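Fit chain B to the known structure of chain A by using the hints.
The listed protein sequences correspond, in order, to chains A and B. Just so you know, we're using my numbering here: the first sequence kicks off at 1 and counts up by one. Just so you know, we're using my numbering here: the second sequence kicks off at 1 and counts up by one.
None of these hints come from the bench; they were simulated from the model. Nothing here was measured: the structure is a model prediction, and the numbers come from that model. Every clue listed holds true.
Which copy is meant is left open, so a pair is good if it fits within one copy or across any two.
Straight-line alpha carbon distances no greater than 25 angstroms define the calculated SDA-like cross-link-like pairs of lysine to any residue that follow:
hint, residue 1, residue 2
1, 165, 40
2, 75, 313
3, 165, 112
4, 165, 224
Number of protein chains: 2
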Amino acid sequence: MSASHTASITPLTELLSQDMRLVNEVIIARMSSDVPMIPQLANHLIAAGGKRMRPLLCLAGAYAVRGADASGDHKAQLLSAAVEFIHNATLLHDDVIDESDKRRGRDTANALWGNEASVLVGDFLFARAFELMVETDDIAVLGMLSSASARITEGEVKQMTMAGKPESPMADYLQVITGKTAILFAAAAASGAKVSGGAKEVIDAMHHYGLSLGMAFQIVDDALDYRSDVAAMGKNSGDDFVDGKITMPVILAWEKGTEDERAFWQRSIGEGDIQEGDFAKAVAILDSYSAIDEALQRAKSYVDEAIKALDILSDEALRSALQSAAYYTVARTS
Amino acid sequence: MSASHTASITPLTELLSQDMRLVNEVIIARMSSDVPMIPQLANHLIAAGGKRMRPLLCLAGAYAVRGADASGDHKAQLLSAAVEFIHNATLLHDDVIDESDKRRGRDTANALWGNEASVLVGDFLFARAFELMVETDDIAVLGMLSSASARITEGEVKQMTMAGKPESPMADYLQVITGKTAILFAAAAASGAKVSGGAKEVIDAMHHYGLSLGMAFQIVDDALDYRSDVAAMGKNSGDDFVDGKITMPVILAWEKGTEDERAFWQRSIGEGDIQEGDFAKAVAILDSYSAIDEALQRAKSYVDEAIKALDILSDEALRSALQSAAYYTVARTS
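With the rest of the complex left out, here is chain A (with noise of 0.2 angstroms):
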């Protein structure tokens, strides 16, 4: 295994660790109201962490374009801090919609302070990201961000649109995640390297490569929520199939699946009758059909169109941390 393969987000938290110290500062600072609630709920979410993929995506682009000069770039930094805004105000209104009541493995926001609180502090935290772009005063990069921001809800409602619906086309499934997923990383990634000065080819080239990695780990995440082996995902397994999410493994079986298989897909997961054994049934179906491998290797041809979209940056540091980042968005499966 060459080391341009490590599977590892590390190289790229190592390399971009001194400015995600400031990021995280922008963070704590930017979170703060005068009503007291606001910044109780928004830490309670984002002092849990998850590994702040987004905002590494928007230094990467900065780096990309100004390479070890970018550390520091404090519109970088505001821009990242609004990536991470977006990003939470968006799961703070999934856990509503979901109605869950884990994320991250703590309790949600919504378990511990309800629905209300939830939905207007991810107002609050969508807005305030708007006032940090603005910041930036760069008015291209609220362009790219306020466009992704209504594509990421275009995905949403058409997820909820296609739930309980196993026999959904394919292209509605990428339509979904490109929109709830894809699109952030594209849009964190290209405008890091626009707010940064980038030419329009390095620019095009971190979009590319958010967007292929979005997809990667999109499609991951939905797969292992088949695999009953898989505890560390903060979520619990299953989850998708009880609230009736159509995701790549079961639009696959659904394909190929004989008419007593498709009964089955239509009564679960479809009119949401769940019955004792249908989550280990729906499993060995998917099994039979390699339906959870078939995915991963899509997720692979994703990862490799990322990796490709490296080929034009001049810094081998930032183009190998960004490899093994894109690697380990497929490794986590094995």
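Same frame as chain A, but now just chain B:
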């Protein structure tokens, strides 16, 4: 009664009718999405109308700078559509939070499509509003409206934390309505002047007018909720009482109340233990202190302030129309 004391919004809508037609076209065009549920739901709400106060104020801001030449100012039209989208996004989220099933006399979107759809389409309208603002290519305007948006949510969260607390200080109530209503009126009027290249004094005057008008508007709205004879408001009288929403009349009556009365407020609006005859009793207590009249008086002071802010405007037709609109705010009461 002099002509300038007409209490009506008609002079303003007539003065700006040509532009408002174009704003409505922008609104319809920009609700569109590949995901059909989005325009369906948005159209249900937005087509239901309302007075379009915020777009009118935005166009008035442009008119204050450029007079009749402002007509056809596409940037002001984009911005007017944007503020209407922000407003409707907050309405969608409010209806989810309040679990309302009626708005403007029609079924609410959440009653028809569910909470999930209302949350997400609210997010979509908010994101789309920022896309429209980006098209004005005026970052100062984005600053005004992103900061207004953050303050709107702060006002709403504050309102939520005040719920069921009749002992709340008046200052808290004023902070709530500043955020939830007045700030967007102010930002709409000021940003319309800004995007048209207005001088600072004109921008400030429009901001002051919008802010005062918004305060008057919300105080009257809240006071009328205790007037059983008002049917035309599109919401049911007594809603705030049942919801535990603490507004000016209740705070005034609490301040002056006897121990028994305070115990009544505490049980009913405070703890939500509403018994038959409680609303009539609440109205009787408010009347014994002339609390509704006093609230309306305070609203009138804001109207006076709004009108004073207009002194700087040179266009007689606009000044007179904005005066009439201000008087209209409090004339709804008699």
